[in-house]
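Asker: Take a look at the letters that make up each chain.
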Amino acid sequence: MNRATVDLWVGIFVAAGLVALLFLALKVGNLASFSTAQTYQVFAKFANIGGLKIRAPIKSAGVVVGRVSDIRFDNESYDAIVTMTLESAYQFPRDTTAKILTSGLLGEQYVGLEAGGDGVMLKSGDRLRLTQSAVVLENLISQFLFNKAAEGKDAPKEPAKEPAK
Amino acid sequence: MSLPAVAALRSRLEALGSTVTSAIWRLGFASRFLGYLVLHSGTALRRFQLTMTEIYFAGVLSLIIILVSGLFVGMVLALQGYQTLQRYGASESLGVLVALSLVRELGPVVAGLLFASRAGSAITAEIGLMKATEQISAMEMMAVDPIARVVAPRFWGGVISMPLLAALFSGMGVFGGYLIGVQLIGVDAGAFWSQMQAAVDVREDIMNGVIKSVVFGIAVTWIAVFEGYDAVPTAEGVSRATTRTVVTSSLAILALDFILTALMFTGGNAR
Chain A
1 MNRATVDLWV GIFVAAGLVA LLFLALKVGN LASFSTAQTY QVFAKFANIG GLKIRAPIKS
61 AGVVVGRVSD IRFDNESYDA IVTMTLESAY QFPRDTTAKI LTSGLLGEQY VGLEAGGDGV
121 MLKSGDRLRL TQSAVVLENL ISQFLFNKAA EGKDAPKEPA KEPAK
Chain B
1 MSLPAVAALR SRLEALGSTV TSAIWRLGFA SRFLGYLVLH SGTALRRFQL TMTEIYFAGV
61 LSLIIILVSG LFVGMVLALQ GYQTLQRYGA SESLGVLVAL SLVRELGPVV AGLLFASRAG
121 SAITAEIGLM KATEQISAME MMAVDPIARV VAPRFWGGVI SMPLLAALFS GMGVFGGYLI
181 GVQLIGVDAG AFWSQMQAAV DVREDIMNGV IKSVVFGIAV TWIAVFEGYD AVPTAEGVSR
241 ATTRTVVTSS LAILALDFIL TALMFTGGNA R
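Chains as they are written, first to last, in the numbering used here: chain A, 1 to 165; chain B, 1 to 271.
Isolated chain A (complex conformation) (with noise of 0.2 Å):
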């Protein structure tokens, strides 16, 4: 094997083994998505996020506009603060109103925003006022019951009335 044909073959193999990390990072990963674009953090303060997660998107009307940079817990007020990073090509109203929300049934949780009519824009660093927690099932599930509970000590009483007629 002669000098020339190895290193051929070894540009080659290097190449190609570059080719496919290439390949991993932007048609496998998510590296094409990353955006260098411009960016303003604001924050919210969530009684409960459920499961929501660092990275997880952030949507208005379906389109991603930012992803959860950091969450954090409160010691003062006992709720989550979440970080929020939003491209500066989408601004949003003063008024905007945060919620975790579930994409599917059982999907992962994101947040959505839902524009206000406010004149004045979000600023870098303000604090969304409005919000809405993540929905827990276990208290949607206790609520129903509780209800149907309710409804059952109320439903015996008029049959007992009607032999008294």
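Derived from the structure by calculation, the hints contain no laboratory data.
Some hints could be false.
[Unchecked claim] Pair ranges (Cβ atoms, derived):
hint, chain 1, residue 1, chain 2, residue 2, range
1, B, Ile218, A, Ala4, 25 to 33 Å
2, B, Ser22, A, Asp7, 41 to 49 Å
3, B, Leu184, A, Ser142, 46 to 54 Å
4, B, Gly190, A, Lys53, 23 to 31 Å
5, A, Asn2, B, Gly190, 45 to 53 Å
6, A, Asp70, B, Gly89, 29 to 37 Å
7, A, Glu76, B, Gly89, 38 to 46 Å
8, B, Arg26, A, Ser103, 53 to 61 Å
9, B, Leu263, A, Ala15, 28 to 36 Å
10, B, Gly186, A, Ala15, 30 to 38 Å
11, B, Leu184, A, Ser77, 52 to 60 Å
[As the list claims (entries may be wrong)] To be clear about the criterion: a stretch of chain B counts as covered by chain A if any three or more of its residues have a C-beta under 8 Å from a C-beta of chain A, and this derived list gives those stretches:
hint, segment
12, 51-63
13, 162-173
14, 197-205
No residue lacks a Cβ here, since even glycine has one placed at the ideal position from N, Cα and C.
Mind docking chain B on chain A? Use the hints.
Answerer: Just chain B now, kept in the frame of chain A:
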């Protein structure tokens, strides 16, 4: 207790002790060998042609087995994954399943195992035979450092080749999954790629996979060159060293994979 029984027990204890000490001694020797090897790899990097040749032997010649295995592993993953996902009506997530299992685990691990048996055994056998035919002693006689001239280029050749092979394996596997999932079964191509891109993170998944393959490359090549250099210079000794290389490096890959996975992925998900 009778005297022969005590003697038998004692000899057994002694055998156990000497096995443990020799294992620890070998580990120490191997570590010192690695340190010496890294410090004396100046020649291998300056005269890069030496390393190039070894990349050819370790990397280029392993291409066929890596590409074909990657393709088949990806195709099998797609077939098996489809059976399970379809039961829950989530067959669009096939791309996620194939890509994540390949990039995180199967790519580095299976490529590492194949690399250990294809290239690691060859390195051990070559160095072991050089030792058995006294080529290594001859080099020392000529004041050529055999570690710098023979061992270091093979080590660096293996360390450079392994991550590239693992990336090719994963890429080929994803392509195999695409062939079966989209072309044969008929999963929607758009959902296949877009769900994959949404779920696979460049830093969390792909970079960690690359780090794994680099670690496996170092471990396998280190074990291979050390076993070759440490082989008993007879035909039997070389054959034993080759077997030991494949066994030890396979176990090392699986053990390291567990440690790395525990460090990388459980920590990340708990956040």
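Asker: Next step is simple, just say for each hint if it's right about the structure.
Answerer: Verification of the supplied hints:
{"no.": "1", "hint": "Ile218/B / Ala4/A: 25 to 33 Å", "in the structure": "30 Å, holds"}
{"no.": "2", "hint": "Ser22/B / Asp7/A: 41 to 49 Å", "in the structure": "43 Å, holds"}
{"no.": "3", "hint": "Leu184/B / Ser142/A: 46 to 54 Å", "in the structure": "47 Å, holds"}
{"no.": "4", "hint": "Gly190/B / Lys53/A: 23 to 31 Å", "in the structure": "25 Å, holds"}
{"no.": "5", "hint": "Asn2/A / Gly190/B: 45 to 53 Å", "in the structure": "48 Å, holds"}
{"no.": "6", "hint": "Asp70/A / Gly89/B: 29 to 37 Å", "in the structure": "35 Å, holds"}
{"no.": "7", "hint": "Glu76/A / Gly89/B: 38 to 46 Å", "in the structure": "45 Å, holds"}
{"no.": "8", "hint": "Arg26/B / Ser103/A: 53 to 61 Å", "in the structure": "55 Å, holds"}
{"no.": "9", "hint": "Leu263/B / Ala15/A: 28 to 36 Å", "in the structure": "32 Å, holds"}
{"no.": "10", "hint": "Gly186/B / Ala15/A: 30 to 38 Å", "in the structure": "34 Å, holds"}
{"no.": "11", "hint": "Leu184/B / Ser77/A: 52 to 60 Å", "in the structure": "55 Å, holds"}
{"no.": "12", "hint": "51-63", "in the structure": "holds (count 7)"}
{"no.": "13", "hint": "162-173", "in the structure": "holds (count 8)"}
{"no.": "14", "hint": "197-205", "in the structure": "holds (count 6)"}
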